[in-house]
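> From first to last, the protein sequence lines stand for chains A and B. For the first sequence, the working numbering gives the first residue as 1, with consecutive numbering after it. For the second sequence, the working numbering gives the first residue as 360, with consecutive numbering after it.
Source of the hints: derived by calculation from the structure; they are not laboratory data. There's no promise every hint is true.
Just a few of them, taken from the derived set where beta-carbon distance is under 7 Å, the chain B residues facing chain A [to be verified]:
(1) 362
(2) 364
(3) 380
(4) 393
(5) 415
(6) 459
Examples of chain A residues lying across from chain B (beta carbon under 10 Å, computed) [as the list claims (entries may be wrong)]:
(7) 144
(8) 150
(9) 262
The beta-carbon is built from N, C-alpha and C at its ideal position, and this holds for glycine as well.
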Amino acid sequence: MSKQITIPFGPQHPVLPEPLHLDLVLEDEKVVDVVPTIGYVHRGLEKLVEKREYTEYVYIAERICGICSFIHSQTYVQGIEQIMGLEVPERAQFLRTIWGEYSRLHSHLLWLGCFADSMGFESLFMNSWRLREHILDDLEATTGGRVIQGVCKVGGVRKDIAPEKLDEMLKGLKGLEHELHDLTNVFLHDSSVKNRLRGIGKLSSEDAYYLGAVGPTARGSGIAIDIRETGYGAFGKINFKPVVEHDGDCYARCAVRANEMFGSIDIIEQCIKKIPDGPVDMKVTGAPDGEYFSRAEQPRGEVIHYIKGNGKKNLVRHRVRTPTFTNIPPLVTLLKGCELADVPVIVLTIDPCIGCAER
Amino acid sequence: MTIFQMTKTVLKSLFSRPATLMYPAKPAKKTANTRGHVEIDPAKCITCRMCQRKCPTQAICVEVKEKTWQIDQMRCVVCAVCVDACPTKCLTMDTQYRPAMTARGGLEKFTVAGPKKKEPAADAAKPADKPKE
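With the rest of the complex left out, here is chain B (with noise of 0.2 Å):
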């Protein structure tokens, strides 16, 4: 019979729980590569500015003298491109999805720790001691 090749699927739906999941009530479906959100943990960075360089929509600026990191997640396309190119490994990916944004904004600015002072002035206090061996 040619009329009723869709019977056994709609059948098979009809007693199957449903496909969908339900986000944003349950969390999306994720896996360890999975680009979220771009995140940094300031007492790493150095103000390099490699990520501001490389990211090709624009959204990283840093500020070398103020010390500080900015990303518009507006403009951020997530394309981890910052995460491969910086050096102290302070970025990474988060592979949670950001909420939708309901207003205006996006910016979001951290005070990083810079870069590391000189030898004889760096104190123990400052975790940023891996980068510039």
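Chain A extracted, bound-state conformation (with noise of 0.2 Å):
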């Protein structure tokens, strides 16, 4: 047996957008015990909600992530709503499915760029975040934010969108669906990129079930959990399937989002189809007494949030389980046994989150 050594990756590292640090314990190049770090980035949201009202929350629930925004915002208004037992008209409920089908598709384009970058494919990774700017004008254009979107709210949604631009919406889709499978044309079939993913971070199905992955993590191991099919939101009346892969290395996790990016454009177009008429909010008063766990799927996976409100203005407890945390410890298993230069790749797999981890 040779020499144990560690080897501290992060909190600043190059490939990594957010502090998650890992102390990699090699023995040569091979990484044998990996022992994870958050902490550096906590803000303490959840206190918070005990000193601001439970409609004022939604803003602070909406900024414990700066990717997912939208879907943080969107399952604790679910959650409230759900409490007070408010029934949303059906329009609000299609306009929050599109947006936060939005979301998912500037978080995938984001990671897509993010992760061409730690395998060191730059112009791979400046057209991923080309294609990611047409996402973001679409929704500054309907909401007013470009990742806070801001716009959901107890009850309903605080902006509606006019018919033509939906019609404007739709097209854009069309011509962006266009360029996007040239952009994952090169993530899945070029051969540079497949011999740096394929084989590498291995996941079995019976691991990820049993530590808990969610999200893609899951999905590329063979697991077709999806939240979205509960039906929350107007998922409900739109036809989906979870996109599932079975090899459960790097290239299948890859292919999971790159797959899913379609799916959620397939999902806007059917809801721009489908969205009825009608007012977008309804008055909300008095405060919700009771507690309720709200569940979504965010881009990462699914995210819990817990709500518990005892009749008063501000709530009691209000606790998140963001994805990210729970992707940690399929992580762990994920990085034990590979080598010390694919140990970037196999982190940026699970689209670390820290900020939403620690919130």
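Could you use the hints to bring the two separately framed chains together as a complex?
What follows is the structure, encoded as structure tokens:
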């Protein structure tokens, strides 16, 4: 047995956009053990719920994450609406679904860009982010914000999309789909990318299940879990299938995300065709009294918001279980036995969002 | 061939203009909905303090006696809740982002018109005529 050495990886590292610290225990070039540490960007947002009214807290819930911001606010307001027994107008549900899928698109494009960067494919990185800009433009035109949309509120949404704008978005997505085909073609079929990704960071479906992997990390290992299938928002009226790959390696997780983007475009198109007319919000009186576990599918996996109120304006407890937090145990398993040079690529494949994980 | 998948895109980018916008040399893209920063029309403000109550970050401070309206631009998260809450529509959302701050500060204080006077005392000089019909 050779001598073991420990290498600190992060919290500042070129491939990590956010501060995750890993202590890698190496034997020669092989990783034998990993000790993850988080806690660099804790902001105490969950405690803040006691100081803000439940209607104001929507904007704070949205700021838990800088990428899947919209879905955080959607999950939170869905929880409040369930406690209070509110029947949200159908148009608002469809609009939430459209914006949610837009955020999934821009999150996946951002991840594909970061991932290309982690394996040293700079022009692919730039092109992913160029396409992401079209999505952000549409989000800004319809909601007013690029990544922090701020359109969700308890009882509906704050902004409506005009029918002409919906048609324009539909046309824009058709053009984007064409360009996305060119982009994902490189990720899925280019031999240099394949050689870099195939066979490294294998996660078996049993491991993925027992370690609690969620989202594309689980779906890349052949577990078809997608919370969108529970039919929250307008997903009950939309036909879609979760994207599943069975290899469980880095390539499979990349393929899940690349193919999910086309699924998102399809969902948005169905929503725009089926969206009913009517109001987008309703008057809300009173305060939530009770507790609820609200679940939704974020770009990174399942998010759970636990909300407890006691009939006053301020909630008693708010707890968020974010997908990155649950994906850290699978990450530790993934890293054991890999080469040191593969660590950045493998860490990126769980799409770490530490701002989310620490709240 | 699986080696030259990227070539088409690279060649296309080579002969097209840069996709990057040279902000701040050129103004940022903006739409009618863009939330840039909050602006106030002091003549219309009636110091009702609705914006202060609704603000999720407590960035707004209204002094009723001194008739001032103050915003801390470093606290403001540009959510536009105050704009929606304002009964006299004196708050508006400007579409242009504020320039980056280079020093401490960000407090902006405005002297405002204050609540409308009682009917007999109200003179035509005050433009704050709309509220409280």
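> Provide an ascending list of the numbers of those earlier hints which the structure does not satisfy.
3, 6 and 9
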